[in-house]
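Visitor: Given next are the chains, with one letter for each unit.
Protein chains: 2
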Amino acid sequence: MTTIQTIATNQTMVKMILDRWYAHIKILNDVLNSLNDEQLQKEVSPGRNRATYILGHLIAVHDAMLPLLGFGEKFYPHLEELFITSPDKAIADVPSAAELRTYWNRLNDYLTEEINALQPEEWFTRHNAVSDEDFVKEPHRNKLNIILTRTTHMAYHSGQLRLIK
Amino acid sequence: MTTIQTIATNQTMVKMILDRWYAHIKILNDVLNSLNDEQLQKEVSPGRNRATYILGHLIAVHDAMLPLLGFGEKFYPHLEELFITSPDKAIADVPSAAELRTYWNRLNDYLTEEINALQPEEWFTRHNAVSDEDFVKEPHRNKLNIILTRTTHMAYHSGQLRLIK
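Heads up: the protein sequence lines correspond to chains S and R, in order. Under our numbering, residues 1161 to 1325 are what the first sequence spells out, in order. Under our numbering, residues 1161 to 1325 are what the second sequence spells out, in order.
Treat the hints loosely; a few may be bogus.
Unchecked claim - List time: in silico BS3-like cross-link candidates among lysine-lysine, alpha-carbon distance up to 27 angstroms:
1) 1175/S / 1297/S
2) 1234/R / 1249/R
3) 1202/R / 1249/R
4) 1186/S / 1175/S
5) 1186/S / 1202/S
6) 1249/R / 1202/S
7) 1186/S / 1297/S
8) 1249/S / 1175/R
9) 1175/S / 1234/S
10) 1186/R / 1325/R
11) 1297/R / 1186/S
12) 1202/S / 1234/R
13) 1297/R / 1175/S
14) 1234/S / 1186/S
15) 1325/R / 1249/R
16) 1175/R / 1175/S
17) 1186/R / 1202/R
18) 1249/S / 1325/R
19) 1325/R / 1202/R
20) 1186/R / 1297/S
21) 1325/S / 1202/R
22) 1175/R / 1234/R
23) 1249/S / 1234/S
24) 1249/S / 1325/S
25) 1175/R / 1297/R
26) 1325/S / 1249/R
27) 1186/R / 1234/R
28) 1297/R / 1202/S
29) 1186/R / 1175/R
30) 1325/S / 1325/R
31) 1325/R / 1297/S
32) 1202/S / 1325/S
33) 1202/S / 1249/S
Think of the hints as simulated: they come from the structure by calculation, not from any bench. Since the model is a prediction, treat every value here as computed from it, not as a measurement.
Build the full structure now, drawing on both the sequences and the hints.
Guide: Here is the structure:
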């Protein structure tokens, strides 16, 4: 196996995972664009989370990717308490559906820019929640794995948002 | 970059994706084990698919992985018409919740065995729906990508099954 083939394999792997990330970003955007702000206030199933809560949750989780990937500080650190630490309806004063759409689009535009700027070999370096020492033993804890785990997380919740009529 | 590092990287990539596959198989099994057969007959949200349809759909999609990955013929080819080609409730005579559980477990046990037997380098060879010629141009259409795309698909539907009470 030559060095050239090694680089090709890294590029292939990055493409595989980024293709999934962007495919699921599109699925989510298509669902969001098919719903108005009033529909986003509905529960995805009786007694379950409202669509706005799920959207807020996805924004908070994706926002936390910024420091993990070395893309800078979080845009919306206050959303962690509203949409990760607290369940839906526990806090009355949350951003509106229209505000959440703006947050989502702004964050997603920035993430896209930063993701596209990263070189294939950089994706296999450690993310910022793992030490150099642990990374030697656990090389799967790399930046690309952050994209992968957040893609399956996003898919899980997109399936729920899709149920809103 | 040395040959040893190349092999380590392939192993790392395989681990990243198989970890997600098994994590989402566990999430799905945990949801299935938390529901009885009667609950599996419920719709995940009013007017949406029943849980049995989603389970049948996942069995049919995972069954189609067998020929794609060179693991042999499908176990349940008749499920394609019931759970992929047709929407829920279009066909009255479908397997019971108990039968679907048996199908799921049998298929999943077999898939686990075959997946574990594949070597890291084999995961980066073409799957059976792509020609040798196309694979040279599109090396991301490999066996590992089948696991990846079916993992995000499973996550999407697991999020829906999770809504049943």
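Visitor: Now tell me if each hint is right for this structure.
Guide: Going through the hints against the structure:
1. For the suggested pair residue 1175/S and residue 1297/S, the alpha carbons sit about 25 angstroms apart, so the restraint of at most 27 angstroms is met.
2. Proposed proximity of residue 1234/R and residue 1249/R is supported: the alpha carbons are some 24 angstroms apart, at most 27 angstroms.
3. Using a Cα cut-off of 27 angstroms, the hinted pair residue 1202/R and residue 1249/R holds, with the two alpha carbons roughly 12 angstroms apart.
4. For the hint pairing residue 1186/S with residue 1175/S, the CA-to-CA distance comes to about 16 angstroms; that is within 27 angstroms, so the pair holds.
5. Annotation: proposed proximity of residue 1186/S to residue 1202/S holds, straight-line Cα distance about 21 angstroms (limit 27 angstroms).
6. Under the criterion of a C-alpha separation no larger than 27 angstroms, the hint pairing residue 1249/R with residue 1202/S is consistent with the structure, at around 25 angstroms.
7. Annotation: proposed proximity of residue 1186/S to residue 1297/S is violated, straight-line Cα distance about 35 angstroms (limit 27 angstroms).
8. Proximity of residue 1249/S to residue 1175/R is assessed by CA-CA distance (about 38 angstroms); at most 27 angstroms being required, the pair is judged violated.
9. Simply put, residue 1175/S and residue 1234/S have alpha-carbon atoms about 26 angstroms apart, close enough for the 27 angstroms limit, and the pair holds.
10. Taking the CA atoms of residue 1186/R and residue 1325/R, the gap is about 19 angstroms. The hint holds against a cut of 27 angstroms.
11. In summary, the hint linking residue 1297/R to residue 1186/S is supported, as the alpha carbons are separated by about 25 angstroms, within the 27 angstroms threshold.
12. Between residue 1202/S and residue 1234/R the alpha-carbon distance is near 40 angstroms, which puts this suggested pair outside the 27 angstroms criterion.
13. Distance restraint check for residue 1297/R and residue 1175/S: the Cα-Cα separation of roughly 13 angstroms lies within the 27 angstroms cut-off, and the hinted pair is therefore satisfied.
14. Distance restraint check for residue 1234/S and residue 1186/S: the Cα-Cα separation of roughly 22 angstroms lies within the 27 angstroms cut-off, and the hinted pair is therefore satisfied.
15. For the proposed pair residue 1325/R and residue 1249/R, the alpha carbon gap of about 20 angstroms is at most 27 angstroms, so the pair holds.
16. Restraint check: the Cα-Cα separation between residue 1175/R and residue 1175/S comes to about 17 angstroms, which is no more than 27 angstroms; the hinted pair holds.
17. With a CA separation close to 21 angstroms, the supplied pair residue 1186/R and residue 1202/R stays within the 27 angstroms bound.
18. Distance hint between residue 1249/S and residue 1325/R is fulfilled; the C-alpha atoms sit about 19 angstroms from each other, no more than 27 angstroms.
19. A hinted pair counts as satisfied when its Cα atoms are at most 27 angstroms apart, and residue 1325/R with residue 1202/R qualifies at roughly 9 angstroms.
20. With a C-alpha separation of about 25 angstroms, the suggested pairing of residue 1186/R with residue 1297/S holds against the 27 angstroms cut-off.
21. Restraint check for residue 1325/S and residue 1202/R: satisfied, since their Cα atoms lie roughly 18 angstroms apart, inside the 27 angstroms limit.
22. This hinted pair checks out: residue 1175/R and residue 1234/R have alpha carbons roughly 26 angstroms apart, not beyond 27 angstroms.
23. Of the supplied pair hints, the one linking residue 1249/S and residue 1234/S holds, its CA atoms being roughly 24 angstroms apart against a limit of 27 angstroms.
24. Proposed proximity of residue 1249/S and residue 1325/S is supported: the alpha carbons are some 20 angstroms apart, at most 27 angstroms.
25. Simply put, residue 1175/R and residue 1297/R have alpha-carbon atoms about 25 angstroms apart, close enough for the 27 angstroms limit, and the pair holds.
26. Restraint check for residue 1325/S and residue 1249/R: the C-alpha separation of about 19 angstroms stays at or below 27 angstroms, so the hint holds.
27. For the suggested pair residue 1186/R and residue 1234/R, the alpha carbons sit about 22 angstroms apart, so the restraint of at most 27 angstroms is met.
28. Taking the CA atoms of residue 1297/R and residue 1202/S, the gap is near 45 angstroms; set against the 27 angstroms cutoff, the hint is violated.
29. Between residue 1186/R and residue 1175/R the alpha-carbon distance is near 16 angstroms, which keeps this suggested pair within the 27 angstroms criterion.
30. The hinted pair formed by residue 1325/S and residue 1325/R meets the criterion: a straight-line CA distance of about 20 angstroms does not exceed 27 angstroms.
31. At roughly 41 angstroms between alpha-carbon atoms, residue 1325/R and residue 1297/S are farther apart than 27 angstroms, so this suggested pair is violated.
32. A threshold of 27 angstroms between alpha carbons decides the hint, and for residue 1202/S with residue 1325/S the separation of about 9 angstroms falls inside it, so the pair holds.
33. Between the alpha carbons of residue 1202/S and residue 1249/S the distance comes to roughly 12 angstroms, so the proposed pair stays at or under 27 angstroms and holds.
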